[in-house]
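K.L.:
Working from the sequences, and respecting the hints, build out all of it.
Heads up: the sequence shown begins at 0 in numbering that gives the first Met the number 0, then just goes up one per residue.
Calculated from the structure, these hints are not laboratory results. Watch out, some of these pointers could steer you wrong.
[Unchecked claim] Lysine to aspartate or glutamate pairs mimicking EDC-like chemistry, simulated, CA-CA at most 20 Å apart: (1) 102 x 179; (2) 111 x 189; (3) 221 x 250; (4) 252 x 44; (5) 252 x 329; (6) 111 x 184; (7) 286 x 305; (8) 110 x 153; (9) 102 x 189; (10) 302 x 44; (11) 116 x 169; (12) 221 x 305; (13) 91 x 233; (14) 110 x 184; (15) 164 x 153; (16) 252 x 314; (17) 227 x 85; (18) 252 x 265.
A quick note: this is a predicted structure, and the numbers were derived from the prediction, not measured.
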Amino acid sequence: MIRTRGPVTALLLSVCTACTLTSSNVPVSRVEATPFNVVIRARGELQAVRSTSIEIPAALRGIQRIAWILPDGSTVEENQLVARLDADRIDKELTTLRNRLSKLDFQLEAKKRELTKELTMIRGRLALLAQEYEDAKVTAPHDERLFSRHEIIDAQISIELIETKIAHFEAQLGRARDKEKTEMEILRLERQTQDVRIVQLEGQKRRLGIRAPHAGFFLVGKTWQGEKIRVGMELWAGQSLGELPDLAEMEAKVHVLESEAAGLAEGLEADVRLDAHPGYVTRGTIKTIQPIANPIEEKSPVKYFEVVLAMDETDTARMRPASQIHVTIEVARTTDVITVPNQAIFVEEGKPWIFVADHDGFERRLVELGLRSVSRTVISAGLTEGESIALVDPGELPEDG
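P.N.:
The structure is reproduced here in structure tokens:
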């Protein structure tokens with residue numbers, strides 16, 4: 000976890016004050032103009048300016064579990080396997096779908112036999128009725144000289160009844176054909192749906208092996224909580240597994256404590272030191288500053304600004320992504336300015352003032368404040384060299400007895 004090493008410090012290039020005690024026991028400091036330098040110290044790591052993200056394919060729906068991942072910092076060739084996702088969920092779904100497909104095939108065959116049997120029965124009845132109809136027409140009495148009117152009418156009614164039965168079974172045959180078409184189509188569509196899903200899952204299974212798009216240096220990614228991705232973790236489709244950085248150009252990403260960020264601005268220069276190469280120092284310039292401070296650790300009250308520095312140079316022999324660094328950011332570097340200890344400044348109704356020694360003791364004098372560090376503040380106006388100032392409120396000290 001990245002930490003800042005120390006607070007913002009003011010580096011005085013020479014001792015500028017001498018503290019004494021007056022007869023009234025008030026500690027004072029003599030005002031002198033001296034060089035004044037304010038720096039911010041922070042820790043962080045190097046990262047590539049450009050990199051290729053390796054992500055879980057978007058075609059893989061739902062949560063995916065990491066079954067294997069290449070060690071962090073491994074050198075890879077183009078198309079080399081860098082991670083493999085767990086296939087258990089897909090295998091189980093494929094087994095279920097294939098079982099369902101076998102069941103549908105059995106249902107299709109059973110339904111086909113059932114409908115064929117029904118159609119055969121109807122066609123058989125129609126064939127019998129057709130023969131019965133022909134026989135009835137042939138044998139039907141027509142000659143009123145030979146047959147009574149009653150016999151002729153009965154024969155005609157019998158023929159019409161057969162015709163009605165034929166019409167009924169022909170309609171039943173049509174309904175049976177429609178039924179066969181509909182029920183078989185439903186089963187075929189359901190089977191087609193299962194086939195499509197099986198093809199999709201088989202395609203997804205082929206994508207479970209994630210490969211490097213080009214040769215490079217593989218860096219394992221981190222979750223949104225900052226934890227490095229490892230075997231057993233579950234990630235969503237589209238989420239990054241890692242990256243292949245371009246090692247030709249590096250930049251520094253550091254975190255500056257919110258309470259120590261006074262004066263932090265884009266364009267400030269900094270010294271950058273690599274933990275792995277203590278004697279090596281290079282320079283960088285602040286490129287971006289996160290507008291809002293955020294905690295690094297979840298639920299932590301301590302907040303940091305994320306700062307990115309552009310490097311003046313990239314030493315590919317020493318600089319690698321994720322290399323730990325510490326930086327010293329130059330907030331201000333001045334010469335011949337008047338500074339006073341912070342405890343010598345008092346504020347009332349928003350106006351700063353200082354106790355300045357005179358012939359009768361001390362006077363309250365309004366001053367204008369400039370740059371401030373942890374221990375000292377620049378006085379832009381209100382003091383001159385050679386004057387003495389009180390380091391405490393003279394009125395709060397007991398008088399000499």
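K.L.:
Now look at each hint and say whether the structure bears it out.
P.N.:
Structure-based check of all given hints:
In summary, the hint linking residue 102 to residue 179 is supported, as the alpha carbons are separated by about 19 Å, within the 20 Å threshold. At roughly 15 Å between alpha-carbon atoms, residue 111 and residue 189 fall within 20 Å of each other, so this suggested pair holds. For the proposed pair residue 221 and residue 250, the alpha carbon gap of about 18 Å is at most 20 Å, so the pair holds. Between the alpha carbons of residue 252 and residue 44 the distance comes to roughly 6 Å, so the proposed pair stays at or under 20 Å and holds.
Proximity of residue 252 to residue 329 is assessed by CA-CA distance (about 16 Å); at most 20 Å being required, the pair is judged to hold. For a cut-off of 20 Å, the pair hint linking residue 111 to residue 184 stands: about 11 Å separates their Cα positions. Distance restraint check for residue 286 and residue 305: the Cα-Cα separation of roughly 11 Å lies within the 20 Å cut-off, and the hinted pair is therefore satisfied. For the hint pairing residue 110 with residue 153, the CA-to-CA distance comes to about 43 Å; that exceeds 20 Å, so the pair is violated.
Distance hint between residue 102 and residue 189 is fulfilled; the C-alpha atoms sit about 11 Å from each other, no more than 20 Å. Distance hint between residue 302 and residue 44 is fulfilled; the C-alpha atoms sit about 18 Å from each other, no more than 20 Å. For the proposed pair residue 116 and residue 169, the alpha carbon gap of about 16 Å is at most 20 Å, so the pair holds. Between residue 221 and residue 305, the direct Cα distance comes to roughly 17 Å. Compliance with the 20 Å bound is thereby established for this hinted pair.
As the CA atoms of residue 91 and residue 233 are separated by approximately 18 Å, the hinted pair is consistent with the 20 Å bound. Restraint check for residue 110 and residue 184: the C-alpha separation of about 11 Å stays at or below 20 Å, so the hint holds. Note on residue 164 and residue 153: the hinted pairing holds, with a Cα-Cα distance of about 17 Å set against a maximum of 20 Å. Proposed proximity of residue 252 and residue 314 is supported: the alpha carbons are some 17 Å apart, at most 20 Å.
A threshold of 20 Å between alpha carbons decides the hint, and for residue 227 with residue 85 the separation of about 18 Å falls inside it, so the pair holds. With a C-alpha separation of about 13 Å, the suggested pairing of residue 252 with residue 265 holds against the 20 Å cut-off.
Violated hint for the displayed structure: number 8, the only one.
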